[in-house]
Amino acid sequence: MNSTKSNPLTFQELILRLQGFWAARGCVLQQPYDVEVGAGTMAPETFLRVLGPNPYKVAYVQPSRRPADGRYGENPNRLYKHTQLQVILKPPPENVQELYLESLTAIGIDLTQHDLKFEEDNWESPTLGAWGIGWQVMLDGLEITQFTYFQQCGGVDLDPISAELTYGLERIAAFLQDVDSIYEILWTRDPQSGRATTYADVRLADEQQFSVYNFEAADVAKAWKHFELYEAECGAILERHSELNQEISTDNSEAKRTRFPLLAAYDLCLKCSHLFNILDARGAISVTERVGVIARVRALAVGIAKAWVNQETESFEAVA
Amino acid sequence: MIWPYSRGGFPIGTMPDFLLEIGCEEIPARMIEAASIDLRDRIGKLLERERLSLQSVISSFDTPRRLGILASKISSSQPDVTEQLMGPSVKVAFKDGQPTSAAHAFAKKSGVSVSELAKVTTPKGEYLAATVANRGRSAHEVLLELLPKEIASIYWPKNMYWRKPNERFVRPVRWLVAMLDGEVIPLEFFGLVAGNETRGHRILADHAVKIPGAGDAYVRALHEAKVLNRSEREHQIRKGLDTATRTVPAARWREDKNLLDAVVNLTEFPSAILGSFDKSYLELPEEVLVTVMRDHQKYFAVEGSNGKLLPHFLAVLNTDGDPQGIIRHGHERVLRARFNDAHFFWQTDQKHPLRDRAQSLKKVIFQRDLGSYYDKTRRVQRLCSWLCEIIRRNGMAVRPGVVHKAAMLAKTDLTTELVKEFTELQGIVGGLYACAQDLDHGMPEATRQAIADAIYDQYKPASLEDAVPRTVEGSVLAIGDKADTIVGMFALGLQPTGSKDPFALRRQANGIVRIIAEHKLPIGLNQLSSDSYETYRGTAAEQKFSKQNDYAESLRGFFRERVEFYLRDVLGFKYDVVNAVLVTGYDAGCDNVVDLVARASAVTDVRDLPDFQSIAAASKRIRNILRQASEKGFRPALAFDAGSENVEEAKLLHQKLQEITPRVEEGIARREYIDTLRRLAILREPTDKFFDKVMVMVDDGAIRANRLALLQSLLNNFSTIADFSEIVTEGKESTKELK
Numbered sequence: 001m002n003s004t005k006s007n008p009l010t011f012q013e014l015i016l017r018l019q020g021f022w023a024a025r026g027c028v029l030q031q032p033y034d035v036e037v038g039a040g041t042m043a044p045e046t047f048l049r050v051l052g053p054n055p056y057k058v059a060y061v062q063p064s065r066r067p068a069d070g071r072y073g074e075n076p077n078r079l080y081k082h083t084q085l086q087v088i089l090k091p092p093p094e095n096v097q098e099l100y101l102e103s104l105t106a107i108g109i110d111l112t113q114h115d116l117k118f119e120e121d122n123w124e125s126p127t128l129g130a131w132g133i134g135w136q137v138m139l140d141g142l143e144i145t146q147f148t149y150f151q152q153c154g155g156v157d158l159d160p161i162s163a164e165l166t167y168g169l170e171r172i173a174a175f176l177q178d179v180d181s182i183y184e185i186l187w188t189r190d191p192q193s194g195r196a197t198t199y200a201d202v203r204l205a206d207e208q209q210f211s212v213y214n215f216e217a218a219d220v221a222k223a224w225k226h227f228e229l230y231e232a233e234c235g236a237i238l239e240r241h242s243e244l245n246q247e248i249s250t251d252n253s254e255a256k257r258t259r260f261p262l263l264a265a266y267d268l269c270l271k272c273s274h275l276f277n278i279l280d281a282r283g284a285i286s287v288t289e290r291v292g293v294i295a296r297v298r299a300l301a302v303g304i305a306k307a308w309v310n311q312e313t314e315s316f317e318a319v320a
Numbered sequence: 001m002i003w004p005y006s007r008g009g010f011p012i013g014t015m016p017d018f019l020l021e022i023g024c025e026e027i028p029a030r031m032i033e034a035a036s037i038d039l040r041d042r043i044g045k046l047l048e049r050e051r052l053s054l055q056s057v058i059s060s061f062d063t064p065r066r067l068g069i070l071a072s073k074i075s076s077s078q079p080d081v082t083e084q085l086m087g088p089s090v091k092v093a094f095k096d097g098q099p100t101s102a103a104h105a106f107a108k109k110s111g112v113s114v115s116e117l118a119k120v121t122t123p124k125g126e127y128l129a130a131t132v133a134n135r136g137r138s139a140h141e142v143l144l145e146l147l148p149k150e151i152a153s154i155y156w157p158k159n160m161y162w163r164k165p166n167e168r169f170v171r172p173v174r175w176l177v178a179m180l181d182g183e184v185i186p187l188e189f190f191g192l193v194a195g196n197e198t199r200g201h202r203i204l205a206d207h208a209v210k211i212p213g214a215g216d217a218y219v220r221a222l223h224e225a226k227v228l229n230r231s232e233r234e235h236q237i238r239k240g241l242d243t244a245t246r247t248v249p250a251a252r253w254r255e256d257k258n259l260l261d262a263v264v265n266l267t268e269f270p271s272a273i274l275g276s277f278d279k280s281y282l283e284l285p286e287e288v289l290v291t292v293m294r295d296h297q298k299y300f301a302v303e304g305s306n307g308k309l310l311p312h313f314l315a316v317l318n319t320d321g322d323p324q325g326i327i328r329h330g331h332e333r334v335l336r337a338r339f340n341d342a343h344f345f346w347q348t349d350q351k352h353p354l355r356d357r358a359q360s361l362k363k364v365i366f367q368r369d370l371g372s373y374y375d376k377t378r379r380v381q382r383l384c385s386w387l388c389e390i391i392r393r394n395g396m397a398v399r400p401g402v403v404h405k406a407a408m409l410a411k412t413d414l415t416t417e418l419v420k421e422f423t424e425l426q427g428i429v430g431g432l433y434a435c436a437q438d439l440d441h442g443m444p445e446a447t448r449q450a451i452a453d454a455i456y457d458q459y460k461p462a463s464l465e466d467a468v469p470r471t472v473e474g475s476v477l478a479i480g481d482k483a484d485t486i487v488g489m490f491a492l493g494l495q496p497t498g499s500k501d502p503f504a505l506r507r508q509a510n511g512i513v514r515i516i517a518e519h520k521l522p523i524g525l526n527q528l529s530s531d532s533y534e535t536y537r538g539t540a541a542e543q544k545f546s547k548q549n550d551y552a553e554s555l556r557g558f559f560r561e562r563v564e565f566y567l568r569d570v571l572g573f574k575y576d577v578v579n580a581v582l583v584t585g586y587d588a589g590c591d592n593v594v595d596l597v598a599r600a601s602a603v604t605d606v607r608d609l610p611d612f613q614s615i616a617a618a619s620k621r622i623r624n625i626l627r628q629a630s631e632k633g634f635r636p637a638l639a640f641d642a643g644s645e646n647v648e649e650a651k652l653l654h655q656k657l658q659e660i661t662p663r664v665e666e667g668i669a670r671r672e673y674i675d676t677l678r679r680l681a682i683l684r685e686p687t688d689k690f691f692d693k694v695m696v697m698v699d700d701g702a703i704r705a706n707r708l709a710l711l712q713s714l715l716n717n718f719s720t721i722a723d724f725s726e727i728v729t730e731g732k733e734s735t736k737e738l739k
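As you go down the protein sequences, you meet chains X and U in turn. Per our numbering, residue 1 is the first one in the first sequence, and the count goes up by one each step. Per our numbering, residue 1 is the first one in the second sequence, and the count goes up by one each step.
Isolated chain U, as found in the complex (with noise of 0.2 Å):
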C-alpha cells in the first residue's frame, strides 16, 4: 500500500468494526457469561490501552459454541506521536563549538543528525535534545500480536489441557475469527489461524459460514446460520414456554431464574415444548416431582390457577421444533423413567420407618474428626433442649417434645434411598416420610405433624431469600444443628478464611442470626457457642480438637462480623448505628440478636434529631478529652462532689444527670431503647452549656479530676444503648477542647 493508506490496508483516518470470535466445545452453561464480561473487558481495556478506541462500542455475542466481541469504529492505528528525548549537556557535547562523541552518540541512538539536535535549557543547565516522531502501529498489527495473551487470560473456573500441557482453555478452541471490517487478523492461538469462517448450529445449519465483515454482517451472519444472541434465546424462550402452555386451559409455567440462565446458555437455537406424565403421579410430593424435573431434567413446572402442579411439564430444545413430537415422546420417556424411580425408592424407603434408622446413622459420616451422624444427633439433642429450657425461662412457648423426637429422626432421612438419590431433598423427605410414618404408637395427629414440620424445616435458611423455619421447634432444631456444625469446625480449627469457606459456616452462622431475629427467640450467640461445645466435652471427637486455637474467640468474632452483615446488608441499617451498637451491645457482652436490632432501629429512630446530633458531637468531644487526660496521667476523681464545684453550668448538668440516670437504667432493663434514648435528649442542653462555659483541663487536679468524673459518667449515660461517638454527625464537630 502506499500513501494515504496505512499498513494495514485502512486508509488514515477511518475507523473499521473489529470483531474476536473464539468457536469452542461446548462451554460449560455455568461458566458462559461471565467469561463473555471478562473477554469484553480485556479487549476494552486493550484497546484503550493501545489508544485504539476512542468512542468505540463493545458488544458480545455469546452461546456455548462460542464467545464473539463486536467493537464498533475503533482506530485504525495508534497515532503518531512526537516525544522529545534529552541527551548530554552541550559543555559535554560541544568542545570548541565542535560535536563531541556524546553528541554524535545521541544524535545515532535518536536516529537523527548532529544537526537536527536542539538545544533546551532546564533548571539544570543547556541540554541538547531530539525531537522524535513516533509512528503509530497499525490496529491489524498491535491487535495481531496482543490478542492471542487475552485470549490465554481468560479466567476459567476449571480448565483443561488438551495438546500439550501449556495449551489450557476451558475446552478445546476448533475455530478462530478475528477481522478489522472485511479483513482478516491472521492471529495464532494453540496452533489455530483466525480466519473469517465461523460455524452454524451443530444440527441446523451445520457447515462453516463465511462472515462478510466486522459489524452487522457478523450477526446477520449467524442469524442465518441459527445461532442466537442471549438476550435474543432468553426471548425467544420465554415466548416458546407461554406458547406452549398455553394449548392447556388456565395453566401457567413456573417462573426459575437459574433455570431459564442454563437452558439460555446450553442452547443456540431454542424452543420449547409442552410434555405429559401420568396423573397417577402427582401422588409423589411435588418437592420430590418439581427437583427431578428442575434439577436432573432442566424442565420447568406448570401448575393450575391454583398453585398446584399439573401433569405437564416444558422442554427447552437446542432446535427449531418438533413436528411430528418424536422429541416429546423422548423427553416424556424419560421423565417417566426418572418418576418410576423416584416412586419406587418412595415405596421401598417405606419398608423402614424412620424410626427404625436412628442406629444406622452410625455408619454415615458426618465429619472425620467430629464423627458420625449418629454422634451428632446425640449432640444436638442435648444441645436443643438447654435451648428449649431457656425459651421456656423467658417466657415462650415450646414443645421440648416435639424438639427432641425431630432432632432424633431430623438426620435419619440420610440412608433413605430416596435421599441417596436426590441428595438436595435431604430434610424435605425426612419431613414428608415423618408425616406419612407411624412415629409413635399412639402419637397425637398434632405432634406428628410439628414433628415433621420441624424436620422439614431443619436446613432453612438455605439462602438469604429463603424462609426461615416455620415454627419454634424447627427453629431450635435449624439452629441446634448449625450451631453443632460451626463449633466442631471452629474447635478443630477448621474456620473459614477469606474467600474459602467450603463447610458453608458463614451460610449457616446467618441462617443462626435471622432465625433468632425473625422469630425473636432470648438465644444468645455466646452462651449457643459454650452450650454446644459442652456437647462435645469427652466425646471422641474432643480429642480431636486443635489445643493451640482459641475457639471462643475467633467464634465470637465470627458471629461479630455475621450479625453486623445482618443488621447492614440485610436490615439495612447505616454503618455507624451498627458500630455504634456493636461498640456498646456485643462488644460488652450483649449477644441477644433480637436485643441488638432493637438498639439499631431505637439508633436510627432518634439519630436525625438534633439533640442527638448534639449527644453525638458532645459524646466524641467527652471521649478525646477523657483520652487526652489518660494520656496525660490525669485520672478522674471517683464520683463527682457537687460541693467542690463552683460553676453553675457544672452543677446543673450533674443535677440532671442524677435526677435521669435511675430513670435510663429502668428503660435499658425494658428495653425500651427509644423512650429512654428520647430522656437522653434532655441532657442536651445542660451538656452544650457545660461545654460552653466548663473548662475541663485546668490546672488545679482536685477541680480537674472532679470535672473529669462529671463527663465520665456523663458519657456512661450517653452510651448504654449505643456509643454515640460512633455516630456520624453532619455538622463538623470539633475534636479538641476549645481553650
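So here's chain X without its partners, still in its complex pose (with noise of 0.2 Å):
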C-alpha cells in the first residue's frame, strides 16, 4: 500500500523514467562508465566535467562497487554494487529543487501523500580531494537521494559550481514494490509471458562470489601490485603532461595539449581507487598505511583535476 498506485514501476522502469525525464530537461544520457567505481560521483562524466567553465547537464545510471560493503547477498539492505542514478547539472538552475521534485512525481510518488524533509548532510570524498554542501533528501523517513551543491574537486574550487543528485535505486525500487528486502525488488516483468525477473535473478550471484572475492579470494601481494603498476603509469603520464606544459608554445604544441591522454591517467586512478577498496575490505592495509595510500590516490586525481582544468579552459577560451 504504498503510493496511491497500484501498479508500481519496475527496476528498469524506474530507470528509464528517470532517464527520460531528465533527457527531456535538456540532459546528455551518458551510459554507465566502464571502469571500476565506488560512486557515480568518480565517473569522468562527474569527477572532470564539473571542472573548468564549461556548462553540461548529464545523467546516467552508474553500478557502483564498494568491496567492504558487500554481504554475501544475505543481508536484504546492504550490497557489494548498488545502483545510481546520476545527474549532474552545471551550472545549478534556480529552480533545481523543484526540477527534482518533480522527477519523483514522474516515478509516481504523489508528494501531497508523503512526508519530505531535506535534511543536511555534506559529502567529502578525501580520496579525490573533493567535498559539496547538501541534504539527504528524506521520503517518509527513508533517504532516496544525496543532493549536493559541489564545492571542490580535485582540490580545485570550482566556479561555476554544479548540482549533483545521486537517486539510490535500489531504496527507491524497494520503496515504490514495498518490498523488505532489496532482492524481491521485481526488476521487470515480461509483457509477453508475463514472467518476473527478481533482483535477485539478476545480481544475487554477483553479490556472492564478489563477496567471497572481496574478503577471502583476491591475492594481497599482487593487489599491490597492480596497485603500484596502475599508481606508476599515472604518475608517468602527468609528468609527461608537466613537461610538455613547459615547451614553447607552437602550432603542433596545442593540439598535443588538447589530445593529450588525461582521460587515461584518470582511468589508472580510478584502478588504484578500486583496488585500495579491495584491499582494504581485505583489512590488509594497516592503520599506519591507510592515510597514507588515500593521500597517493588524492595526489593522482589532483595533478589530473590541475591538468584537467587548463586543457578545459584553453578550449573553452578557443571557442569564446
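Calculated from the structure, these hints are not laboratory results.
Partial list, derived from the structure: chain U residues whose beta carbon lies under 7 Å from chain X:
# : residue
1 : Glu26
2 : Met160
3 : Thr319
Simulated restraints on C-beta separations:
# : chain 1 : residue 1 : chain 2 : residue 2 : range
4 : X       : Asn54     : U       : Val248    : 52 to 60 Å
5 : U       : Gly321    : X       : Gly26     : 33 to 41 Å
6 : X       : Glu314    : U       : Asn159    : 28 to 36 Å
7 : U       : Lys257    : X       : Gln192    : 57 to 65 Å
8 : U       : Glu286    : X       : Ala196    : 37 to 45 Å
Ideal Cβ positions, reconstructed from N, Cα and C, are used throughout, including at glycine.
Put the two chains together into one complex; each comes in its own frame, and the hints tell you how they fit.
As C-alpha cells, this is what we get:
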C-alpha cells in the first residue's frame, strides 16, 4: 500500500522513467562508466566535467562498487554493488529543487501523500579531494537521494558550481514496490509471458561471488602490485604532461595539449582507488598505511584535475 | 510626492511596520535559531544606529526555508538634524569689513551665502560659523542601501558559494521580501530583487503568496500558506505527540529536548504519527533501539508506566497528517530495516567474542603519534593497576582484577559491526557484549557483571549533565582512559588553545575531576599525570613527544582551571573562596580534589562569621606589611622571641598562637577543616588588639624583625586551609599600616 499507484514501477522502468525525465530537461544520457567506481561521482562524467567553465548537463546510471559493503547476498539492505542514478547540472538552475521534486512525481510518488524533508548532509571524498554541501532527501524517513552542491573537486575550487543528484535506485525501487528485501525487487516483467524477473535473479550471484573474492580470495600481494603499476603509469603520464606544459607554444604543441591522454590517466587513478578498496576489504591495509595510501590516490586525482582544468579552459577560451 | 509626504511615500510622523524575509533552500536545522537571532540583532542595531527606531518591537519568524524579521512602528525617516559648522576666524575671514576668499570658500562648502554666516565667540577668539540643516533620509532609502550588507554578514557555521565565489550564504537564497507597511523596498542581494511575494509550505501550499503588508498581515499570510513560527511548531508537535501516544494504553513519549529542537527546525507545518514495530525487536538492548530511533530516524521513543520501551515510535512529519497510513507504513518499513541491521550486527558480532578481539585493536588507530588502541589498552591497564594500588593503600575497596580485565576489553567493541554502524554506542556495546558473553571460563557471574559495568561506563560522564561511572572500578577505568589521552596530547604539544579543543580534552579533564570528587577517590591530579606519563616511557609514542614543551607545567595549569571550573561553576562556590583554596591548596601541591572541595566548603561555612571577616582583613593587612617590609629589605627574625618583646599585646598574641598551633596542625592532618577553622577564630581578639596597640614597622631593627616573625607565623596559621587574604570582606579594610 505504497502510493495510490497499484502498479509500481519495476527496477528497469524506474531507470527508464528517470532517464526520460532528465533527457527531456536537456541532459545528455551517458552510459555507465566501464571502469570500477565506488560512486557515480567518480565517473569522469562527474569528476572531470564539473571542473572548468563549460556548462554541462548529464544523467547516467552508475553501478557502484564498494567491496567492504558486501554481505554475501545475505543482508536484505546491503550490497557490494549498488546502482546509482547520477544527474549533474552545471551550473545548477534556480529551480533545481523543484525539478528534483518533479522527478519524484514522474516515478509515481504523489508528494501530497508523503513526508518530505531536506536534512543537512555534506559530502566529502578525501580520496578525490572533493567536497560539497547539501542534503539527504528523506521520504517517509527513507534517504532516497543525496543532493549536493559541489564546491571543490580534485582540490580545485569550482566555478561555476554543479548540482549533483544521486538517486539510490535499489532503495527507491524497494520503497515503490513495498518490499523488505532488495532481492525481492521486481526487476522486470515479460510483457508477453508475464514472467517476473527479480533483483536476485539478476544480481545475487554477483553479490555472493564478489563478497568471497573481496573478503577471502583476492591475492593481497598481487593487488598491491597492481596498485603500484597503475599508480606508476598514471604518475608517468602526469609527468609527461607537466613537461609538455613547459614546452614553448607552437601550433603543434597546442594540438598535443588538447589530445593529451588525461582521460586515460584518470582511468588509471580509478583503478588505484578500486584496488585500495579491495585491499581495505581484505583487511590488508594497516592503520598507519591507510592515510598514506589515500593520500597517494588523492595526489593522482588532484594532479589530473589541475591538468584537466587547464585543458578545458584553453578549449573554452578557443571556442569563446 | 509633495509635502507633507517624505520621499519614502509615508506621511511624516507615521510609523510603518518593517518586514524582511530571506527565502532560502532548506537551512540546516542546527543553524536556524542562531542565525535568526543574529539577524534580529543586526536589524535592531541598524535601526538604532540610523535613528529609525524609537520604540520598535522586533520579532522573528524562522523556519527551514525562511528567516523573517518584523519590526513594528519604525520611523518613516531619520530626524532632520541641525548642525553648526565652524569656519575660519573672523580676522582671516574679513579684511576691512569685506569678506575674504576664505569666507567665500567656507560659505560655499557649507552651502549657504556669506550673509548667512554667523560670528561666534570661542575661547580662542571670534570665528565664523554656518548653521546647516541636514535632512534625515527616509527609512526606505536607508534600508535599501544598508540591508544587503547585514544579510551578507549573518554568521553561518558552514557556508557555500553558488554563483560567484563572493556569493556566499548557507544555501542558495531563492526569494526576498522587504516591505515598509504595504510598500516594497526593492533591495538587491546576490542578483535577487526583493518584492512582496513569499512562498508557502513546499507540499501543502506550494505557490507564491502575496503579502499585503508588513506586520500582522505577514504572519496571517504565512499561517494561511501552512507555515508556522517556531513556538507554534513546538506547540503543535507536543500536542501531536500527546494525541498520538494516547492511542496506546498507559503509554507516554520520552521527552528529549535535542530531538524536539531538531524536528521543530526540520518542519514548517508539523504533525505527529504513531508507528509500531515487532515486539521481537525488544530483545535488542534498549540503548541500541533508542539510538536507532533517535539519532538515525529522529523518532521519539514510547515507554510504558514502568519506564520500559514499548514496541512503538513517534515520527514528526512535515505535513498535516497521514489519513491513509501511507506515511506510517513507510516509516515502519525503514525502522524495520534498521532494526534488522542492528539485529544482524548483534548476531554477527557474537561469532567473535570480545576476548578474541584484543589483538585486532593493533589495526585501529587511536592517534597518529600515540599509536593504536592496542597500545592505549596496554598503557591504560598499567595506569589503572597503579591507581588501584593507591586506592587500596588509602583503605578503600577496589577490585584490581575487575579493572584489569575491563581495561583489557574496554576498546575491543571498536572492532564490532554494531559500533562501526552506531559509533555513538561505543563503550555501551562493549558493556552489553561483556554481559552477554563468556569472558573467562568459570568466572563468577558477579565478577562478569562488574567488568561489564566498568566497560559500559568508561566514557562517562559524557557531559555536565551525565552521571559519573556507577562503580569504583568503572571510575578507575574512566579516569585512566581519559588521563592517557590528555597526557599523551599534552606531551605531543596538542593542548587545547582558546576555543579550539578538537579532542575534547577539557571535557575529559572535567570528567576526571568530577569522578574523583563524587567517588571521593584518593587520586591526586599531579600524581595521575606523572603516572600516566610513566606508561608512555620507552614506547614509540615517546619519540614523538615535543621536546621543547614543559608538558608537566602546562598540565598543572590545565587541571587547575578544571578544578576551578568544578568548584565554581559546578559546585557553585564563590570565586574568592575558590581562589583562597586554590592558592593555599592546589598551588602548594595539594592536587586532591576531595580535599579541595572540603576546604572550599569549610571556608564557605565560616566566611561570613564576624571572626573570619576580621581574620580575612587581618590576613590582607599582614600580607601587605610583610610585602612592604620585604620591599624595604627588612627581614623577619627566624622566630619570635617573647623575651625581647615588651608590649603586652604582642606577647599575648604569641602565647595564644603557641597554644593553638599544634591543634591546628593536628586538625589539618585529619582534614577536619571546619573545626580547625573554628579553633582559629580565637586568634581574632588578640590579633585585633595587637593591631590596635602594636606598631610593627618601628625604627629599632631588632624589635621590627621580631614582630615581623610573629606576623609571619600568624599568617601561616591563618593560611593553612585557605588563603584568607583572597576572601572579599564586606567592610572596608585598611591596606596600610596605621601610623
